[in-house]
Amino acid sequence: NAGVTQTPKFHILKIGQSMTLQCTQDMNHNYMYWYRQDPGMGLKLIYYSVGAGITDKGEVPNGYNVSRSTTEDFPLRLELAAPSQTSVYFCASRWTWDYGYTFGSGTRLTVV
Amino acid sequence: KNEVEQSPQNLTAQEGEFITINCSYSVGISALHWLQQHPGGGIVSLFMLSSGKKKHGRLIATINIQEKHSSLHITASHPRDSAVYICAVNNNNDMRFGAGTRLTVKP
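Residue numbers (the working numbering), protein chains in the order written: chain Y, 1 to 112; chain F, 1 to 107.
Isolated chain Y (complex conformation):
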């Protein structure tokens, strides 16, 4: 099993551009999450999904969108990128809310 796969690993985006961070898991997990990690800060939840077709906002959703058309995929869309979105983004999944997490390796995004 590959676990949780995130692409790309690194990316530089210009202000105002848009992009999609990809996340795929092959463990048939129902729950998937997107977090951002800023230096010296704890992980912050952006969006989450409890199953295909169901998504909900987390703590810091502004400037982002998600979709969950399949169990495996949970892409994160950045529209009109801003420097404040410079961060490391982690995708994670788990079977249900009372199971442990599996994290992807992260995407380091810089907006200039």
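By construction, these hints were calculated from the structure, which means they are not laboratory data. We put the CB at the ideal spot given by N, CA and C, even for glycine. It is possible that some hints are incorrect.
Which bits of chain F does chain Y cover? Going by a derived footprint, with three or more residues having C-beta under 8 Å, they are [as the list claims (entries may be wrong)]:
#1 26 to 35
#2 82 to 90
#3 95 to 106
Derived DSSO-like pairs: lysine-lysine, alpha-carbon spacing no greater than 30 Å straight-line [stated by the list, open to error]:
#4 Y:44 to Y:14
#5 F:53 to Y:44
#6 F:106 to F:54
#7 Y:44 to F:55
#8 Y:57 to F:68
#9 Y:44 to F:68
#10 Y:44 to Y:9
#11 Y:44 to F:54
#12 Y:57 to Y:14
Pairwise CB distance ranges (calculated) [as the list claims (entries may be wrong)]:
#13 Y:9 to F:82: 18 to 24 Å
#14 F:8 to Y:5: 32 to 38 Å
#15 F:56 to Y:22: 29 to 35 Å
#16 Y:19 to F:18: 41 to 47 Å
#17 F:78 to Y:11: 32 to 38 Å
#18 F:79 to Y:53: 42 to 48 Å
#19 F:78 to Y:112: 15 to 21 Å
#20 F:80 to Y:98: 28 to 34 Å
#21 Y:70 to F:15: 42 to 48 Å
#22 Y:65 to F:18: 42 to 48 Å
#23 Y:41 to F:42: 15 to 21 Å
#24 F:75 to Y:65: 43 to 49 Å
Given chain Y, put chain F in place with the hints provided.
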């Protein structure tokens, strides 16, 4: 004040020492997680616990629900244990993370 507070923020130890990292939280929880983030950035789930104590190899995690406190212990520490250790609490899908404790174990 953060809902999840970890101490210390940074910790340096000599190889072989017993390590304790603390986590206090101020919200109701259904479970507490300890995560490990290596210098390369990857995050690994170490423990999920809602009561008592769990042990895996040289790592031990305890939680006191009444005191809203958890500890992560590392026995016989080794340089490969050098990482950031993150405490996180969840209540269903609402998850809150501590800022992490950076552990450096010197040979």
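Violated hints, by number in ascending order, as checked against the structure: Per hint list: single violation, 19.
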